[in-house]
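Colleague: Line by line, the protein sequences give chains A and B.
Okay, so the first sequence: first residue is 1 according to this note's numbering, each after it adds one.
Okay, so the second sequence: first residue is 1 according to this note's numbering, each after it adds one.
Simulated from the structure, these hints should not be mistaken for laboratory data.
Cβ coordinates follow ideal geometry from the N, Cα and C atoms, glycine included.
The reader is advised that the hints may include incorrect statements.
Unchecked claim - Facing chain B, from chain A, some residues (calculated, C-beta under 7 Å):
| no. | residue |
| --- | --- |
| 1 | Gln23 |
| 2 | Ala31 |
| 3 | Glu34 |
| 4 | Gln42 |
| 5 | Val45 |
| 6 | Gly48 |
| 7 | Gln49 |
| 8 | Gln51 |
| 9 | Leu52 |
| 10 | Thr56 |
| 11 | Arg74 |
| 12 | Pro76 |
| 13 | Leu81 |
| 14 | Ile83 |
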Amino acid sequence: MVRLNLLLLVVLAACALGLVTSQHRARTIFAELEQEQERSRQLGVEYGQLQLEASTWAVHARVERIASRQLHMRVPEAKRLQIARPEEAAR
Amino acid sequence: MNFAASPVLELTLPVWRSRFLLYVFVAGFVLLLGRAVYLQGLNNDFLQAKGESRYSRVMEVPANRGRVLDRNGEALAISTPVKSIWAIPGEAHPGARQLARLAALLEMPQAEIGKRLADTGRDFVFLKRQISPEVAERVASLHISGLFQNREYRRYYPSGDVMAHVLGFTGADDIGQEGVELAYQDRLAGKPGSRRVIKDRLGQTVEDIESIKAAQDGKDLTLALDARIQNLAFSQLKAAVAQNRAMAGGVVVLDIESGEVLALANFPTYNPNNRSKLVGTQLRNRAVTDTFEPGSTLKPFTIALALEAGRVRPESVIQTAPGTLSIGGATIRDAHVERSLTVAQVIQKSSNVGAAKIALGLSPESMWEMFRDVGFGSAPGLGFPGEAAGKVRPYRSWRPIEQATMSYGHGIAVSLVQLARAYSVFARDGELVPLSLVRVDAPPVGRRVMAPKTAAAVRAMLELAVNRDGTAPRAQIVGYRVAGKTGTAHKQENGAYAADKYVSSFVGFAPASHPRLVVAVMIDEPSTGRYYGGTVAAPVFAQIMAGALRALDVAPDRPMQPIELPPEGQEVKESV
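Chain B on its own, in the form it takes in the complex (with noise of 0.2 Å):
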């Protein structure tokens, strides 16, 4: 039988079966068609995110806090890496033997890693934070699971407790809390950055995709300060406070030429490396963010003020006998009772009455502005935290009697930073310069807040009171000449004055030819039955200026003669 001639395929069927075979396969291709189109050309973003995930990874880039430099480029503080462990409880199911090796690694008790470790309810629990990274090396050698390493920051100070209070010091997390890094936070702080690279099979990067966020390291921060005057002052201090067995003490250390903070000293300290025994009064920042009523060493600052006024000059006479002087039932008493002073030994014996008399004849007004002037009463703008303004009330409601006290310190309260600051007036000539806690390149620019020479004529006052006839013999210096004023108060207590307890204080400068450095030293409640300024106070202050002076190469303006000191209870008492 002839194929062709099959009777099959005279089979006809009809058109329309093949003809909706076509359109099935070709609706069939145009579906795929756009779906291929959509999935790749419209909505790509989801297939691309997941493709990415595979060999894309977002890498942290870590970033250093700034370093905390002194004035000569001394490392004052620096951020290292740490790492800290941290567990998922759920997961970390380490063996008898991997558990007492890791509590003897991060010297913990074994139970309390347990106690962590069973608290299931958390994902999340750190083991111990800020470990060395040998000590985490070692850690991980373990190979516990469900045992993850962190890196951080921690910060180390190596001068411990001698700068405390101006550094501060930084939390947990590298962020400022106190002092200079608290008030440099911004400057310091590194931003960390971030960046997508391709990851391979082993982990190896083999591609940088791009860089998300660039990690900016902070900045490093030159402070004004002077680490071997910081030294000096900080251990003078010390063992002031210990010999006279005081409460507290403070020292600041100014350059007058460029307002600079060379030292800036406080006890009680703490050593920041170590803050777990921490107390709040070692904390306190004295000299900066407490007041205190500063006695004797404001009577220049009113003198300064009669004599621009013209009202007297340093050679008129002002009878200070019989010693007391009544105003409005309350009465003011000199320790030494002498029958007569010129206004230059009123600063020079420190004479309670001479200064009131002094002052009743200056307005309020002045007297006010004169303090204001100096910086008593306003923040003194280091930018440190807390910075004291202290207190200087309103002239119009001054009484005839608190004026007269206030000429020599007592109804007014400054911080020490400001009693330095002022004493640089009579320094510079009569400007007041803006302090800086950071390193000053260009001299700024202080304000004249009194004439040259009524300065000049102040200056020489505080000289004679720093010689043998003056109250403050043991603030001579070999070599050098010094100025400056003693001051002993009586602590209020309840809004009282306490019969038994004193601050005493000595603020000064030298060389006397050519100022360049002031020094404020106070001592808070002595109690070896020593209490006067003359003799808590200038001898710090004498050894804290000898040393700053030295390490400074200032020439000496005055012969290499051992000091003078007069015989042994022939001191002149300052009035108190």
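The following block holds chain A by itself, in its conformation from the complex (with noise of 0.2 Å):
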């Protein structure tokens, strides 16, 4: 009777340090996880100002200029226009 008690006790004892650590280590998994989602957030800020970074040099004002003034494009005449359709095209 004594020993079987004795048994008992050692296995909650071994229970007890088991829960200790499992919940030690959720909490630091946890704290990790956390921190992965606070970075997501923070990436997620990142891309919306990458975002408007990428709209504001790409404002159609600036492409137009650096179109006409630095690669001095234009839109061609009428005349040295020429349309091609699909269907002739195929032909």
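Since each chain comes alone in its own frame, lean on the hints to assemble the complex.
Modeller: As structure tokens, this is what we get:
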């Protein structure tokens, strides 16, 4: 009887220690998750800022200015235009 | 002496004394037991809360406001987090050096910061709102006690003044105040949530207890707007307003098939990213909220009604000599006197006398119904704040002269959006299409207001107006057949028509063989001496229409030949 009791005591102690370690591990992993979530939020914010930057650089007025001033591009005159229709091209 | 025989033991005390002591102890235990049961079982909320407050915290979960995108996914409005700096005046005592660096970082005069911090009557004062996160971090590194930071959102509009009136803007708390931002506030706004967590000694979150309210990010909104066309419309409008030294102007571009608003531009405008020097005239979304007397652009509706009623045919001849028509003491004049014109020529040459004569053969009620049917006098239903309904007076109060002038667009007020939408009736074979500011995936169902045959006949007349012998040769586009109508109207001032103030307009669609776009242009008070719709508004129309058709890859329906303009000074002048 005494032996059984002692055995149960040892099992109980082991369980208790196991609980403590698993709880600790759960908490550290959770903290990690939390950090990663924060990072994902940060990256989301950065994505928004980069998108903003991209559309600021791609403002049509700027593209047009660069195209006409730096690259000397212009709309071709009517007489230099030729329309290629898909059905004609296929023939 | 034997211990057992000690006389002390012989002493007998009364029994009640020991009993009394026993009861006292038992009573004490019962009391403690009761208290313990009370605290732990019955009334444990208070203590539980006290205990929890030592380790659990409620954390705010921020939610983003949705983005506004154009129809091709280009970002037009984005929210990004910024910081605001606030202080508790009684607790913030920065040193002289700290104050100097803070003032430099916040770009504020030191005296101003000092004044705000000296206001100890308050326990909360904003030093500066909406600063960039980098600056906020440097402010935090100054370690000034009593100084705190808040996370806020700021909305940015990369396209600046180009789309200001459509998009509108949000206030400091990221709540929509104008335009789409206000109209779609519910959909765009995010709902911040909160959750309860356990934090350890180091302030790290170690356990999630419960989510009190889930955060909900605002939904993205995809507009019908095409950034390329909008940009084109805006830059052409801006140039035209400057060139004609006009007071204002507006452009509307509609997709005929879907009823989508592809572009809506106004001038003057403002930069939504910097609204410190904003005045009311810049804010006005004229194309939607302001009405004007459209002038000759309404003639096609009168003609359509006469055709529909079987009163005239396109080739019927109307006597227009001597170029004037007197009704009840008032006189209607033509700028360009012809002996007689066919109904088609009344549109082509924009004859007031012709239109008035045709109108007088129609009943006021049927004219009123036609105006209502094509959307005049009722809000166009875009969902914009403050949409104008325009004014169509009840037909019972019309006098004959009024009915005659209404046939060519006077005594009636419409907005530019209404005018553009009404022209979609001719382009869509007689159907009025509902308009939409947001992208439409399935083509909407239109409402039939005139027979397809009538619409086709008017389309042919409108095509005549846009050629060498019409009032709008400058509306022609290389490679596409264009149909449209000019409008030139005196402005009303204090109840009378001003002799030298005009509104010039042009509404048209292309390609005429299979219409795809309606473009309406309005220039308010051109002041260089040129004021005809055909010279002021038509060229703007041509530029925008040509660019938009190219942007949308619409196949040309005419050979690529240079356009023909009449010799200088021989253009057909429209009647005003």
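Colleague: Among the hints numbered above, which are violated by the structure, and what are their numbers in rising order?
Modeller: 1, 4, 11 and 12
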